[in-house]
Structures are given as structure tokens and as C-alpha cells.
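Peer 1: Start counting the sequence shown at 5; every next residue gets the next number (our numbering).
Don't read these hints as lab results, they were simulated from the structure. It cannot be assumed that every hint is accurate.
[Stated by the list, open to error] Calculated cross-link-like contacts (lysine-lysine; reagent style DSSO-like; alpha-carbon spacing at most 27 Å):
1. Lys19 to Lys65
2. Lys15 to Lys210
3. Lys210 to Lys19
4. Lys210 to Lys20
5. Lys20 to Lys65
6. Lys65 to Lys210
7. Lys65 to Lys15
A quick note: this is a predicted structure, and the numbers were derived from the prediction, not measured.
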Amino acid sequence: MRKKSKNSSNKAAEKKDLEMFLELGNIGAGHAATSLSEILQQQVDIDIPRVGTIPPDMLPKFYQSNNMPATAVYIHLMGELECHFLFIFELPELREITSLMTRSISQKECESSMESSAIEELGNILIGSFLTAISDFTGLNLISTPPMLIGAPFDAIINEFMVKLASDSGDALVFDTCFRRTGDYYAPTQLMIFPSPELRELLIRKSNEIIEDEKSDNVELICAENLTEPDDVAKSQETSN
Numbered sequence: 005m006r007k008k009s010k011n012s013s014n015k016a017a018e019k020k021d022l023e024m025f026l027e028l029g030n031i032g033a034g035h036a037a038t039s040l041s042e043i044l045q046q047q048v049d050i051d052i053p054r055v056g057t058i059p060p061d062m063l064p065k066f067y068q069s070n071n072m073p074a075t076a077v078y079i080h081l082m083g084e085l086e087c088h089f090l091f092i093f094e095l096p097e098l099r100e101i102t103s104l105m106t107r108s109i110s111q112k113e114c115e116s117s118m119e120s121s122a123i124e125e126l127g128n129i130l131i132g133s134f135l136t137a138i139s140d141f142t143g144l145n146l147i148s149t150p151p152m153l154i155g156a157p158f159d160a161i162i163n164e165f166m167v168k169l170a171s172d173s174g175d176a177l178v179f180d181t182c183f184r185r186t187g188d189y190y191a192p193t194q195l196m197i198f199p200s201p202e203l204r205e206l207l208i209r210k211s212n213e214i215i216e217d218e219k220s221d222n223v224e225l226i227c228a229e230n231l232t233e234p235d236d237v238a239k240s241q242e243t244s245n
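Construct all of the structure, not just a fragment, from the sequences and the given hints.
Peer 2: The structure is reproduced here in C-alpha cells:
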């Protein structure tokens, strides 16, 4: 009974933390949507239908994206409280987003250099908006590296990234993001954040001082504790589809 009570307590605490990160994500997504709407001179909305903590080595299986061609924007937050950001697009979404950013009539018309520039700009806007939200939460002045573009299969991007993080890596904070504009335009992407333990704890502490309880009835919360077995990843995907 004690063990069950302890597990329930841990799950409740993790859910509360995820709701805090969701609030952080909604603030960042709101800032990014405002910036994109101004740049493109049309309404752009960014939704976050799912947020979770997932062990990095389970990410490709969770998204069923092994060997799937992808492009990522990488930004590193420097200083005492380190944080790494990966904004990942699979190929179909990459073309949709490029079309949005370049206002191209045909997706095939986009040149490689224009595509790279558009994706870097979008990654900079979205991650920069999250950095602003983190700065507002913590009161810290944050400095980040310029965005770096990475093109490789989804699992190769994750594996290379984990080598950089080495033993300091913890669970990834994953925000599924969906870009929408007027009409039937829809492009899902993934924003993955790897905060240092110190930054994660600071965010949780500060959020408890600022944010009241928020409902997340329409958002799926994925806890790392519930994804300990490979089969659990597939089950979670089946449930979300």
C-alpha cells in the first residue's frame, strides 16, 4: 500500500510539473504566433496538443520515425543554467512550413537556400519565444547560440544530439506543436527541450509562485514514468492517433 501511495504521489507531482511546462509552452507558442502573424501579415495559430517527458533513446520509437528524413534547428542556451533546444520537422511538414514562410505557390519552387533560411528563421522565432517565456519565469537574462540547421534521419539527429549531451542528459521535454493558418493549412512539428537539472528545478519553483492550477483537459500529458517499456511507447502512440 505504501508503494502504491508513493507511486500515486510521484505521478501527481509529475503531472503538476507537466501542466507547468504546458503553461510555459502556451506562453512561448503565443509569442511565436504573434511574431509570425506580423511577419506574414495573416493569422497564424500555434497549438500544443501534447506535452510530455520522454527518455531521449525512446523518442524515435515514440514518434515511429526511425530512418525518417528530417530537419532540425538546434539552439544552445549558454551560462550557468544550460538548456538545449531541438525543433524537428519531418520532410512533408518541412515543405509545408517552407511554403508558409516563403509564401510560395508551389512547394517545389523553393530553392534549397531559401528553404534553409526560412526554417532557421522559424526555429529562431519559436525557440526565441520559449526563451522569452523562460526568462519571464526565472527573471534571468538568457544568452543563446545562433540557430544551427541539421539535416539527417530522425533517429540519427537524436543519437548525435545525445552524444553532445553525454551523461548530463535527462528526460526530454517534448512539445508537439501544430501550425495553423486561414483555410485547411496544418503542419505538426516537435519541439524538444533538454534543460539542465538546475534550470528544470528553478522553473518548477518559480512557476509554483506564479501560476495557479490550470486545467489541461484537451491536452495529452505523457509522463516518462509511464514509458518504461518499449511496448508502452507504441501503446501511447495508438492511443493518441
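Peer 1: Against this structure, judge whether each hint is valid.
Peer 2: The hints, checked one at a time:
1. Lys19 to Lys65: holds, 22 Å
2. Lys15 to Lys210: holds, 20 Å
3. Lys210 to Lys19: holds, 17 Å
4. Lys210 to Lys20: Roughly 13 Å between the alpha carbons, so the hint for Lys210 and Lys20 holds.
5. Lys20 to Lys65: Satisfied, since the Cα-Cα distance of roughly 26 Å is no more than 27 Å.
6. Lys65 to Lys210: Violated, at about 33 Å.
7. Lys65 to Lys15: holds, 23 Å
In summary, the structure is inconsistent with hint 6 from the numbered list given earlier, while agreeing with all the others.
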